[in-house]
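Colleague: Taking the hints into account, I'd like the entire structure generated from these sequences.
6 protein chains.
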Amino acid sequence: MRIAIYPGSFDPVTLGHMDIIVRASKIFDRVIVATLINKDKNAVFTADERVNLLEKSLIGLKNVEVVKFEGLLVDYAKKVNATTIIRGLRAVTDFEYELQLALVNKKLCKDIETVFLTTSPENIYISSSVVKQIASFNGDISNFVPKSILNDLMGKFK
Amino acid sequence: MRIAIYPGSFDPVTLGHMDIIVRASKIFDRVIVATLINKDKNAVFTADERVNLLEKSLIGLKNVEVVKFEGLLVDYAKKVNATTIIRGLRAVTDFEYELQLALVNKKLCKDIETVFLTTSPENIYISSSVVKQIASFNGDISNFVPKSILNDLMGKFK
Amino acid sequence: MRIAIYPGSFDPVTLGHMDIIVRASKIFDRVIVATLINKDKNAVFTADERVNLLEKSLIGLKNVEVVKFEGLLVDYAKKVNATTIIRGLRAVTDFEYELQLALVNKKLCKDIETVFLTTSPENIYISSSVVKQIASFNGDISNFVPKSILNDLMGKFK
Amino acid sequence: MRIAIYPGSFDPVTLGHMDIIVRASKIFDRVIVATLINKDKNAVFTADERVNLLEKSLIGLKNVEVVKFEGLLVDYAKKVNATTIIRGLRAVTDFEYELQLALVNKKLCKDIETVFLTTSPENIYISSSVVKQIASFNGDISNFVPKSILNDLMGKFK
Amino acid sequence: MRIAIYPGSFDPVTLGHMDIIVRASKIFDRVIVATLINKDKNAVFTADERVNLLEKSLIGLKNVEVVKFEGLLVDYAKKVNATTIIRGLRAVTDFEYELQLALVNKKLCKDIETVFLTTSPENIYISSSVVKQIASFNGDISNFVPKSILNDLMGKFK
Amino acid sequence: MRIAIYPGSFDPVTLGHMDIIVRASKIFDRVIVATLINKDKNAVFTADERVNLLEKSLIGLKNVEVVKFEGLLVDYAKKVNATTIIRGLRAVTDFEYELQLALVNKKLCKDIETVFLTTSPENIYISSSVVKQIASFNGDISNFVPKSILNDLMGKFK
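Chains as they are written, first to last, in numbering that gives the first Met the number 0: chain W, 0 to 157; chain S, 0 to 157; chain L, 0 to 157; chain V, 0 to 157; chain G, 0 to 157; chain D, 0 to 157.
Hints in this document: simulated from the structure, not taken from any laboratory. Be a bit skeptical, because a hint or two may be false.
Just so you know, same-sequence chains aren't split out, so a pair can sit in one copy or run between any two.
[Stated by the list, open to error] As a list, the in silico BS3-like pairs of lysine-lysine whose alpha-carbon atoms are at most 25 Å apart:
id, residue 1, residue 2
1, LYS146, LYS157
2, LYS78, LYS157
3, LYS105, LYS61
4, LYS146, LYS67
5, LYS67, LYS131
6, LYS55, LYS131
7, LYS25, LYS78
8, LYS146, LYS106
9, LYS61, LYS109
10, LYS78, LYS38
Modeller: Structure representation (structure tokens):
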């Protein structure tokens, strides 16, 4: 069984993340969406809230599972028997940072590969920080996040 | 069974291509290396020679197969039941061109995903055209191509 | 009256070009779509055919006009009293080339400005060369070009 | 009447900003320079000081006006009847960020276009943060900012 | 005598920095490694610790010297009679930032040139922040830093 | 004595090339400007004409010498005892290509370093191909090339 891990902050999950997860779920037998417990970063949502939003958004995707993790990604990947790391690419600046991460992770653990997927063009400009910025000014975020969590997000930002 | 297709000119195959093929062979059940029969492009090797060089280089990789193809890649992928296209990424300019190709292919056939892999740092500067340019000046290409085909290449370039 | 010039090869016009033209027509009083008569470049369509395809595609846009030109763009712009050059941007590699062109044109004629527009995400991967490549393999180009010229294009490529 | 809005922090205004404003003032009937009241960002100058420095720098440009704003840019643009957003482009990393912003703003309000201008080469390396860094070490900033505000800036940084 | 200055935070020195220093020491008569005393940046090591780690790593390189500095780089360069600034380039985003710095420094002092060197591919993904992140999770950093300071680093991070 | 080699097509030499050569002549004891005898590339000027234009442009630079070469650059560099290759960087796309070349040359000959210099902003948009394109339309190229060769160029293009 081929297990892939998709790590991220997901603060909150966007339609861009959803796009990557759906694509990955077709390529791999099992996809583990791994929410980073990032202590120092000033997240809007707690790790548990972010996991909860992901789970609400992913209902119906049978081979996808949501977890929390901290520490080195490659260590966690080995623990859950994932042999592939999934990353989304949208822009050139993404690409360079992601390439560096992939090379470092390969150096730390040579048995784990990183594969890159890209979102559909209509999601290419969506990011969690864009969602948070628009929401903080009471802008309309319904085109950027899964419908099933829109109310939860609006509640938080009010 | 998950079948992936890795298309290219492979004129000739390099250690960079080999790196991608070996990585892909660990992620997918079967990898089809599809050599493009490019008529107008001034290739040094014929399509049959390029297939032959690939086959010599890939001995021992059980789930990898070499073929020739022409026409639209997505049509050929469907014909051989491949659901994933593999592409290697080395540089930013690669990335932009590849992103465009991936979006076009997705538009032409929504059931086929493109995934991107990266080579090891020591192969990041290798390309078929670099190999051809160095060989044309009798430079040493032994660090850039599989050992098993070095003599074949030297013969051609002399 | 503010006149802008939108230069290009338009071999053939795509939905990406159309997107830029429609946007420009809202910002400027008059937009001149200037088709480059490029002798050495191996165009599929003649300059007259390209102008004709543009005119068919632009029916209904009252402040837009299609012309042919050769020579230096800034000279032609001055001749038709255009004070602004319009260029579309999709990718980073586009951007660098376009920035160089804009600086050169500014140096050649300091009274003419270049402004850049971007297409909608759904057109971001469309280019004339993609259209020609797909059409040459009998692929479906209906998502990439204006409907009003689809038959003309199919006729040409058959 | 065509109204364009040029948003920014302007902390402080530089010769690069001035270059963009002068160019925009030739293309549009009226240009509104909109100073962002950014609370969390650690600005050196208050919003009122930044507006004041802009006004001093822009004396003589008849169709340019300086304002403060907060909230979503597209909301403010609609309020002042601006149909175009002006942004300056200097570098590739600028471009990617700006492209994302433009696509988000288009999604939030489809009637407002973003157009990009570029500065002259001699201003291409100037930014507000470069000015602040040099001034903080008593370096010479006279090549980077309008002459009319040089004394005000020196006073602040001492 | 040609003196070059190689400025940086070196928090801590990595094999990537070492690569650049060794290359520079072959091109110039004397190389001054200038450690920036950056007060506001949250460095893990003090300036004195960083200098000490550099000195331990550079034993045997006769024409290389380590110093601390604060203020404008060009002022310090003039003070020590350096006529060239050395910078390492790994990625496109590096390049744009570095190009801006080089142009600013040239404007501030026209007699000082900036030259760029690149690391070997096997160091291309190494940075001080990657080292710190891995070390903070007890990951293995022995492939990223000079052997002679590995114990010092491990002691600090525990 | 530190000898550097600056290779290129120089078809024809521009103010951008001149800028790099002058900078390099201050950093190295001797600079060899090496004109590539490129047979297949459709050059406007012969190798001898290009050397002649360089020599006319470089009068007064005592430690600079112009030569022709063919074959692998590293072989020629070794022959003339050059230990450093000089390359100019203007744009991101330049950078990626140049980085690849530098890594390949380092692999072919580990004793030769590549160093990168950048031109002044006012030359950043100048290239030989821009000069040729403008000249072919009788445009004004006096801002792009050394004055001492302007007449020679005009004669050629007429």
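Colleague: For each hint, tell me whether it holds in the structure or not.
Modeller: How the hints compare with the structure:
1. In this assembly of identical chains, the alpha carbons of LYS146 and LYS157 lie at most 25 Å apart only when taken from the same copy (17 Å versus 45 Å across copies).
2. Within a single copy, LYS78 and LYS157 get their C-alpha atoms only as close as 39 Å, which misses the 25 Å cut-off; across copies the closest is 23 Å, which meets it.
3. For a Cα distance limit of 25 Å, the shortest separation of LYS105 from LYS61 across copies, 24 Å, qualifies, whereas the shortest one inside one copy, 29 Å, does not.
4. In the homo-oligomer, the alpha carbons of LYS146 and LYS67 lie at most 25 Å apart inside one protomer (23 Å), although the nearest pairing across protomers, at 35 Å, exceeds that limit.
5. Taking CA atoms no more than 25 Å apart as the test, LYS67 paired with LYS131 passes in both settings, with 21 Å inside one copy and 22 Å between copies.
6. Within a single copy, LYS55 and LYS131 get their C-alpha atoms as close as 19 Å, which meets the 25 Å cut-off; across copies the closest is 35 Å, which misses it.
7. With identical chains, the CA atoms of LYS25 and LYS78 are at most 25 Å apart both within one copy (23 Å) and between copies (19 Å).
8. Taking the closest pair of Cα atoms, LYS146 and LYS106 come within 25 Å of each other only across two copies (17 Å); inside a single copy the shortest separation is 40 Å, beyond that limit.
9. For the homomeric pair LYS61 and LYS109, the shortest alpha-carbon distance between copies (21 Å) is at most 25 Å, but the shortest distance inside one copy (29 Å) is not.
10. Taking CA atoms no more than 25 Å apart as the test, LYS78 paired with LYS38 passes inside one copy only; the shortest distance there is 22 Å, against 40 Å between copies.
In summary, the structure agrees with every hint in the numbered list given earlier.
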